[in-house]
Amino acid sequence: MQRSNRETRPHALSAVASTARLPPRFPQRYTRHNGPRAVKGWSTAGPTSASRTLSRRSLLRMASLAGAAAVVPVTGCAAGPTEQGAVTTLRFMQNKPEVVGYFNQVIRDFEALNPDIHVIQDFNEGNFVPGLVRNDPPDVVTRGFAQATGDFVRKGIFADLSELPEASTVDPQIQDLVNSWGQYNGHEISALPFSLAAAGVIYNRDIFDAHGVAVPTTWDAFTAACETFRAAGITPIYGTFKDPWTLAQGMFDYVSGGVLDTAEFFGSLNAKGADVSAAAAESFTSNFRPVLPRMLQLASFSQNGASSKNYSDGNAAFAKGQAAMYLQGPWALSPLVAANKEVRLGTFPLPATNNPADTKARVNVDMALSITRNTPNMAAARRFVAYLMEPAVVNAYNEKHAAFSPLKGAPPVTNPQITGLAESVSNARFYQGAATYFPPSVPLHNYIQSFVYSRNGDQFLAALDDEWRRVAERTAV
Amino acid sequence: MPTTIPGDPMTTSAAVASARAVPAATTTSAVTRAPRRIDPTYYWMVVPVLALFAFFITLPALVGVFFSLTNYAGYGDWKFIGFANYVNIFKDPAILQSYIFTFVFALTATVVVNVVALAIALGLNAKIKWRTGIRTVFFIPMVLSALVVSFVFNYLFSNTLPVLAERLGFTPLATSILANENLAWLAIVLVTVWQAAPGATIIYLAGLQSVPAEVYEAADLDGAGNFRQLLSLTLPLILGYLVINVILGFKGFLGTYEIIVGLTGGGPGMATQSVAMRIFSGFTGGDYSYQMANAVIYFLITLLISIIQLRLIQRRGVAL
Chain Y
822 MQRSNRETRP HALSAVASTA RLPPRFPQRY TRHNGPRAVK GWSTAGPTSA
872 SRTLSRRSLL RMASLAGAAA VVPVTGCAAG PTEQGAVTTL RFMQNKPEVV
922 GYFNQVIRDF EALNPDIHVI QDFNEGNFVP GLVRNDPPDV VTRGFAQATG
972 DFVRKGIFAD LSELPEASTV DPQIQDLVNS WGQYNGHEIS ALPFSLAAAG
1022 VIYNRDIFDA HGVAVPTTWD AFTAACETFR AAGITPIYGT FKDPWTLAQG
1072 MFDYVSGGVL DTAEFFGSLN AKGADVSAAA AESFTSNFRP VLPRMLQLAS
1122 FSQNGASSKN YSDGNAAFAK GQAAMYLQGP WALSPLVAAN KEVRLGTFPL
1172 PATNNPADTK ARVNVDMALS ITRNTPNMAA ARRFVAYLME PAVVNAYNEK
1222 HAAFSPLKGA PPVTNPQITG LAESVSNARF YQGAATYFPP SVPLHNYIQS
1272 FVYSRNGDQF LAALDDEWRR VAERTAV
Chain D
-4 MPTTIPGDPM TTSAAVASAR AVPAATTTSA VTRAPRRIDP TYYWMVVPVL
46 ALFAFFITLP ALVGVFFSLT NYAGYGDWKF IGFANYVNIF KDPAILQSYI
96 FTFVFALTAT VVVNVVALAI ALGLNAKIKW RTGIRTVFFI PMVLSALVVS
146 FVFNYLFSNT LPVLAERLGF TPLATSILAN ENLAWLAIVL VTVWQAAPGA
196 TIIYLAGLQS VPAEVYEAAD LDGAGNFRQL LSLTLPLILG YLVINVILGF
246 KGFLGTYEII VGLTGGGPGM ATQSVAMRIF SGFTGGDYSY QMANAVIYFL
296 ITLLISIIQL RLIQRRGVAL
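Heads up: the sequence lines are chains Y and D, in that order.
Per this note's numbering, the first sequence starts with residue 822, numbered consecutively.
Per this note's numbering, the second sequence starts with residue -4, numbered consecutively.
Don't take each hint at face value.
Dumping the calculated DMTMM-like pairs for lysine to aspartate or glutamate here, alpha-carbon to alpha-carbon at most 20 Å [as the list claims (entries may be wrong)]: (1) D/K86 <-> Y/D1096; (2) D/K74 <-> Y/D972; (3) D/K86 <-> Y/D1287.
Incomplete in silico selection of chain Y near chain D, CB under 7 Å [what the hints assert, rightly or not]: (4) V908; (5) Q1270; (6) R1291; (7) R1295.
FYI, nobody ran anything at the bench for these hints, they're computed from the structure.
For each residue, glycine too, the CB sits at the ideal point set by N, CA and C.
Chain Y with its partners taken away, still in its complex shape (with noise of 0.2 Å):
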């Protein structure tokens, strides 16, 4: 999920510490040892109710923690298994920081069924690769899935969850769109979604309901409302453009969504492979046109000063009435309602042709839950994600987080800020952002920003083109 963007370089930074500390054994194949138990539960953020300050005692912990990396080479796989008694310790990494709390709700509730089983929660999601990198990820996962998810499917981190009972509860349209990024083996299901967010834009209704403006569902329309606005000294559309992410994931994903097939667009430049150039059918030049001057139009609509906003800045703004229509997911609609409370939101996929029936919503699965390959502890990990996945568990949490619940006969969704999407999603017109089929390597949002700040078309396209090639030479080889 997008937000994840605005995260990696804190997290990050912690990556790098840790990996520095412990040099990777060179995994001929991705396999985990029992050994280096010494390290486990001091590799990650430590679960939920340690303090996060830097205490005396957490000191002490990184301190242990550099002395365990110094025996844990020469030790090798001499240390025993985790038991503790009967009670196997389960790590539970989750994407969502905000949403601890739910989950140490579900937590307990699974203790008390399940007292032979202790589940830790980590939301520290930076430290899975280095967990990968030392042999020692979580057991459980949840990920929202894009091209770098993809390429741990591929890689083989995940098992097969296909033979558990629940798979088969999951809507097949929902779980296809997790399939489309790749299956190990070709043919396994290395993850169960969870929550599928749905994006549009979210919009005041009572500016709209002041000024006698419907949602729009042409391109013409929507264009038309904005003057409307704009007439009447509103601003049409809040800008945060300082945070890049926010152009990807808002114009760049739902004018691109809209005008193109973005699947069978990435499917064959995929194919394609590295032999794409910029004259070639597949290119980003030969196809993005159409897309550039739409995204233009909808940056024209922003209020000035629009590069100097960031994110939060947006959310405060947004929630005061400052503006009519937001470029954002669901993610945004707390945020906005913690900033005011009276504010009445609701969400319309964006129309980006003039034919209704195009319109279609931004999804993607922002949870799904996976299970690392070489867990020691399997048994107790598909009870969980067997927990996990029950109706109850998982239509709750969507219902309480503004997002869709992707099994099988789920409720309709009630709340007005997102039911502007549900026939989208039910009818399965939708489509996952183009932003997110790039590889990570590909600063694609600052190429996006430059686009938008200096309206070069032709460059913006021509640096996509390139950048998609050397990525696929380099991880072609």
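Please build the complex by placing chain D on the supplied structure of chain Y, with the hints as guidance.
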């Protein structure tokens, strides 16, 4: 011509402390006095540190070099691909751009930091009122973390400054300079100078205090003016300190990272991506081996620059 820079050049505070105490002879007395029997204490001092250094720095660095020859993503399967990563780096204009940015930035920052720091040091070394208090004020930026400083400046540049500029009708600053692809790097230089100047100032102050007062008295008697004294006496006498500052500063600015993260995050667009940021992106981007190759190349370049600098210093008769 000053000949010896005392103290460990890696830590400025140590340099200052020893500069004040013993300006000349800090070469280990054991070597000069008893070359045959070496006190084992020295080994106790050196060997554990050497072992830690090898284990925590040299070994991981070698592992990194090893993986730069593979297509390892940081996890999962990998195989040897020879020098393909190195070849690809030279074909990557984005990497080249980050090198150009980093070197231009490091050169500019080094020059500005040293000019500012020397001016401050000269002022603080003069007999002015409230000297100790003013010195303390000037050293505060050194105590603050660079990341904190850059977040504060980020706010000033994005919110305070545009509002002020708009009130005063000064349009060039009415939009944040951090959002301007051509000017954002100047903001980074400004914050870097603000943060790095105190460290350089301390070294210059130490140098200024090592200049004996008699030479100025003699110059006064000879009728040399203040400016002439600065040019012909002070600067040559603290040349060694200037060299230290330039070398340490340049080396530090080549690795610039956290101030950019706090201010622009490498943007707007690709305008302020430093080499260190690109290398770092390999850890999160699944591009580990490629950026490791970048790191090896960058290491060789900085090594080359260091050797050239050392040669230049030795020719001037300054020993590190």
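> Is the hint on Y/R1295 kept, meaning its closest Cβ partner in chain D is under 7 Å away?
Replying inline: holds, 5 Å
>> Between the alpha carbons of D/K86 and Y/D1287, is the straight-line distance 20 Å or under?
In response: holds, 10 Å
> Is the hint on Y/Q1270 kept, meaning its closest Cβ partner in chain D is under 7 Å away?
Replying inline: This hint holds: Y/Q1270 lies near chain D, its Cβ roughly 5 Å from the closest one there, short of 7 Å.
>> For D/K74 and Y/D972, compute the direct alpha-carbon distance and say whether it is at most 20 Å.
In response: holds, 16 Å
>> Quick check on Y/R1291 please, does its C-beta sit within 7 Å of some C-beta on chain D?
In response: holds, 6 Å
> Is the interface hint for Y/V908 satisfied, with its Cβ closer than 7 Å to some Cβ of chain D?
Replying inline: violated, 29 Å
>> Would the hint linking D/K86 and Y/D1096 be met if the CA-CA limit is 20 Å?
In response: At roughly 16 Å apart (the allowed maximum being 20 Å), Y/D1096 and D/K86 satisfy the hint.
In terms of the numbered hints stated before, the structure departs from hint 4 and from no other.
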